[in-house]
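Asks: Sequence:
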Amino acid sequence: MKEKERMIMEEATKLFAEKGFRDASIQEIAAASGISKGAFYLHFKSKEVLLLSILEHHHQAFEERAAQIERKDLSPREKFVQWMDLTFDEITKHREFIITQIREQALPFNKEIENYFREKERVSYFKFEKNLIRMYGEDVQPFLGDLIVLAKGMLKSYLELIILDAIRFDRQQLPVFLLEVMDSLVEGLKKSSLSPIITENSINDLWKTLRSTRLGSTEYLLEMLQESRKNAHDNEEITVTLDVLEDELKSDPIRKPVIKGMIANLEPYETYSGLIDAFNRYVLQE
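Residue numbers (UniProt numbering): 1 to 286.
Take these hints with a grain of salt, some might be off.
Here are the simulated DSSO-like pairs of lysine-lysine, each with C-alpha atoms no more than 30 Å apart in a straight line [said to hold, decoys possible]:
(1) 19 x 2
(2) 93 x 37
(3) 93 x 127
(4) 130 x 152
(5) 79 x 93
(6) 156 x 127
(7) 45 x 256
(8) 152 x 127
(9) 45 x 93
(10) 14 x 47
(11) 47 x 256
(12) 250 x 120
(13) 127 x 190
(14) 130 x 93
(15) 120 x 2
(16) 37 x 19
(17) 93 x 72
(18) 190 x 79
(19) 260 x 230
(20) 120 x 72
(21) 191 x 156
(22) 4 x 14
(23) 47 x 2
(24) 130 x 79
(25) 127 x 191
(26) 93 x 4
(27) 45 x 19
(28) 93 x 152
(29) 2 x 14
(30) 93 x 14
(31) 47 x 120
(32) 4 x 37
(33) 2 x 45
(34) 190 x 130
(35) 190 x 152
(36) 260 x 250
(37) 19 x 156
The hints are simulated quantities; they were obtained by calculation from the structure and are not laboratory data.
All chains, full assembly: derive it from the sequences and hints.
Replies: Structure representation (structure tokens):
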């Protein structure tokens with residue numbers, strides 16, 4: 001990364017934390033960075049591109065530190081504790097930036113930023129899956145989906161407490177505390193007669209939902225179309241409608257009036273509401 005781009009990101013992070021994303025202007029960011037507004041655009045095409053670069057920069061720094069933990073000669077439990085500690089440390093470090101964005105609900109969810117968060121969520125699930133299996137073994141497989149959700153839920157709740165600074169507690173003890181809670185959950189589930197809430201099929205559906213395919217991309221929409229065909233039940237009108245939508249997605253340029261007409265054919269059917277929403281959001285942008 002160029003030194004000038006690093007400086008712009010540092011100054012922008014300060015301004016975003018102080019004023020919020022929407023109120024911090026490009027002119028102010030440029031002035032704080034010691035450059036002109038025109039020079040800003042030589043490095044970043046927009047404020048949204050700048051924000052995404054900041055998020056990716058911090059995530060890369062986090063992953064580099066996480067990789068260092070992985071390389072240590074530690075037990076799976078010790079690595080998990082250190083990884084949680086690193087997570088809490090990073091959130092604490094960037095607390096002011098995060099709290100400002102939450103307060104103003106300022107993060108702009110354009111397609112690129114939404115893709116970014118979706119991919120990080122997908123990676124997070126797989127990371128928990130890997131850690132749970134290597135700590136507790138294959139015996140946890142029947143309850144793996146539930147344990148992932150419970151572990152992520154606990155972590156998220158304590159992260160929110162750190163961000164909001166609503167309750168004072170010993171953060172240094174938190175990773176060990178959460179690990180021991182997970183120990184109790186695992187033992188309790190293994191001894192219980194309960195059936196998993198999140199079955200193996202549910203997990204597969206979850207991975208499909210959190211697919212690496214970019215949200216809103218043509219590939220993503222084509223996958224949704226293929227899934228929707230299962231609900232057509234030999235309805236010729238629906239089948240033809242889905243065929244036309246698929247052809248339009250593959251054409252260049254896409255004819256929006258044709259898309260609108262086909263979407264209208266699907267509107268009476270509740271089962272296609274998700275597909276309709278996707279086309280409205282990513283193709284028609286309505």
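Asks: Taken at face value, is the distance from the CA of residue 127 to the CA of residue 156 at most 30 Å?
Replies: holds, 15 Å
Asks: Checking one constraint from the list: CA of residue 4 to CA of residue 14, max 30 Å. Satisfied?
Replies: holds, 16 Å
Asks: With the threshold set at 30 Å, check whether the alpha-carbon distance from residue 47 to residue 256 stays at or below it.
Replies: holds, 29 Å
Asks: Starting from residue 93, check that the Cα of residue 152 is at most 30 Å away, please.
Replies: Given pair residue 93, residue 152 holds - Cα atoms ~20 Å apart, limit 30 Å.
Asks: Between the alpha carbons of residue 79 and residue 93, is the straight-line distance 30 Å or under?
Replies: The given pair, whose Cα atoms are some 21 Å apart, holds under the 30 Å limit.
Asks: Next pair to validate is residue 190 with residue 152; report whether the Cα-Cα distance is within 30 Å.
Replies: holds, 19 Å
Asks: Has the given pair, residue 19 with residue 2, been kept, meaning a C-alpha gap of at most 30 Å?
Replies: holds, 26 Å
Asks: Within a Cα-Cα threshold of 30 Å, do residue 45 and residue 19 meet the stated pairing?
Replies: Holds, because 21 Å separates the two Cα atoms, which is no more than 30 Å.
Asks: For residue 250 and residue 120, compute the direct alpha-carbon distance and say whether it is at most 30 Å.
Replies: Between residue 250 and residue 120 the Cα gap is close to 28 Å, so the pair holds against 30 Å.
Asks: Measure nothing beyond the straight line between the CA atoms of residue 19 and residue 156; if it is 30 Å or shorter, mark the hint as holding.
Replies: Status holds; Cα separation ~25 Å.
Asks: For a C-alpha distance cap of 30 Å, please report whether residue 4 and residue 37 respect it.
Replies: Roughly 14 Å separates the two Cα atoms, so the pair holds.
Asks: Given the hint that residue 14 pairs with residue 47, test it: the Cα-Cα distance must not exceed 30 Å.
Replies: holds, 14 Å
The earlier numbered hints are all upheld by this structure, with none contradicted.
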